[in-house]
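Trainee: Given the sequences, and given the hints that come with them, work out the whole structure.
Number of protein chains: 2
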Amino acid sequence: MTNKRSTIKDIARKANVSIATVSNVLNDIDVVKPKTRQHVLQIASQLNYVPNLRAKQLQSGQTKMIGFFCNSISGPYFNPLAESIAKIAEENGYGINILLSNDQSMLRRNILGDLVDGIIGFEDLITDKELQLIRTNRIKAVFIDRIIQDETIGSVVFDSYQKGKEVTDYLIQQGHQKIGFILGKDDIYDSNERFRGYKTAMEKANLKVNPNYIFKGEFELEPAFQVIEQFLTTTARKDYPTAIIAGNDLSAIGAYRAIKQQKIRIPEEISLVSFDGFDLDSPHRPNLTGIHNPIVEQAKFAVEHLIAMIHNQTPGKVQTIEGHFVVGETVQQRAEER
Amino acid sequence: MTNKRSTIKDIARKANVSIATVSNVLNDIDVVKPKTRQHVLQIASQLNYVPNLRAKQLQSGQTKMIGFFCNSISGPYFNPLAESIAKIAEENGYGINILLSNDQSMLRRNILGDLVDGIIGFEDLITDKELQLIRTNRIKAVFIDRIIQDETIGSVVFDSYQKGKEVTDYLIQQGHQKIGFILGKDDIYDSNERFRGYKTAMEKANLKVNPNYIFKGEFELEPAFQVIEQFLTTTARKDYPTAIIAGNDLSAIGAYRAIKQQKIRIPEEISLVSFDGFDLDSPHRPNLTGIHNPIVEQAKFAVEHLIAMIHNQTPGKVQTIEGHFVVGETVQQRAEER
DNA sequence: CTGAAAGCGCTTACAG
DNA sequence: CTGAAAGCGCTTACAG
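Residue numbers (the UniProt record's numbering), protein chains in the order written: chain A, 1 to 338; chain B, 1 to 338.
Worth double-checking, as some hints may not be accurate.
Claimed, not checked - Here are the computed lysine-lysine pairs in the DSSO-like style, where the Cα-Cα straight-line distance is at most 27 Å:
#, chain 1, residue 1, chain 2, residue 2
1, B, 87, A, 64
2, A, 64, B, 64
3, B, 129, B, 185
4, B, 64, A, 87
5, B, 87, B, 317
6, B, 87, A, 185
7, A, 64, B, 56
8, B, 129, A, 87
9, B, 64, A, 129
10, A, 129, A, 185
11, B, 238, A, 9
12, A, 9, B, 129
13, B, 129, A, 14
14, A, 260, B, 263
15, A, 56, B, 9
16, B, 64, B, 35
It is worth saying that the hints were derived from the structure and are not from the lab.
Mentor: Here it is, written out as structure tokens:
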């Protein structure tokens, strides 16, 4: 690509003007004599001139690029998130550079190497050291999985604790008492918060949390499937929970498959509640009951807040996005005691 | 971000050496006296120095970035494609800049503005003019939906014609004669090629292509659903095709839903064949019969070929990736005539 | 209205 | 081994 693309210097030479004049013409700075302007423009187009943005960036100190770092852009959560972020950034005149790597040095190069004007990402993907660098260098950043706030750092999270409680309350109201929960990995904010909400609700209703009903599903499809399958096949039917709350969409799907595979009916025998996962393109996606988190809204806040910080229009803020409770077909009312 | 990040100049001043020496130290050019080296290194780390990559790029003429332009990174095809491209690029030391825009000027800025070292994308998203610019400026590019070849342009496509034929032959062998086809938009290479293969196979078997069985599904879920639903509800049951070939995964899903919704059994009454779409995360994704295209392989070739061209190691090539026929549960053998 | 010069942060011959 | 200088492609005061 480095070949012989023409520069303003080429234009200047050919047009017999200075590079300053060329620059002025090209940037529509209304100070050039119309005739000169015409002439320069013509030469420029004749040379197929396209400005070298890197040089411009070096001057202006801006890249009009946002770095988005994540582990994946697949799945019912990450995919719409990534797509929305890219789309909204573009609408605002920013490009987006996706960093899928865990490699901290890659991250660092991008973040601190002035390749992007700011970053959006998941806090659990970066080390404390990098976070520290972000702070001290006053890098503009928005985290979407954890509450962090600083002069140049904002965040946007779901009201996971609240919704964890709400969903559990709902099940209890429906007469459930033996309620299970599928956790994500230890350090996932949403998992922890949802679980905390669940425990609070259980406690308030004087229901005890049965440790056998707490599953480690890793927030992934396969592990959730495995752990539930394992449980169902090694546990007496009468000891099944009557309802399971999946900490996220993928674990809901894994659980759904495992339960179905054992020919156990949903919701007649086991009710299932989920978070997210309402945009699955599948022939007959189950009509899940649960919390629907508006991902696009989250993406929108993240991008716009970041850009506002880049323009120094605001300090970092924390935004909580409210999920909506959606009644599907996977919860059934339960007769009193058992 | 532009704040007061430290530069080699700052280091030089503080270390009492020239910027050239700093540069040499930082780039591990083994020419500096160990003591000086130590000293500089220490100051650098003390100043939290991180090189400004833009300046480096301006010098080297390389960005180590690949532009990927597409309309979407969602769906069973685009999503794994985008993710694979990002991953493989990263493994090769390249970042990836996703351009979701149709805006040609955005594209142009990126492609020609030296923001990326090369591009991967869909030919139908760019205008002839831009393509021409790519050619004349010898931009390195790989197209993944159409056969194009030039000194600096390569492409990677699926063997869609072949597979369209193969799949149709298979249905014919299974005794089907009334075979429908769901098309994509007019200018989609894969759609055209698969359809061409279908027609050839039909012709060779002396079966006539019933125009009522040719559906315009746009390669999207909703439109495919609509067109099939429309057909099923306005056509006598005896006039249904016994098999339908969906031109891509999303139309297969749309068709699947429409057929199911009409309480028509698959495959007993209508067999359904698909392209791609084998990685759908859904609780009970139908086990489709059809062609499984190795998307990761496609991504891998695209990225590696592009990088080889960037390094001037090869001229543009055309690669055809072979799809694999997978027997699922959506095709049933058909008794002779009707 | 136009041009010469300095500078963005870096690298790379070239002297010393 | 180290430094002064030119240059990557552009912009931006500052003279004229």
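Trainee: Go through the numbered hints given earlier and state which of them the structure violates, listing their numbers in rising order.
Mentor: Structure breaks hints 11 and 16.
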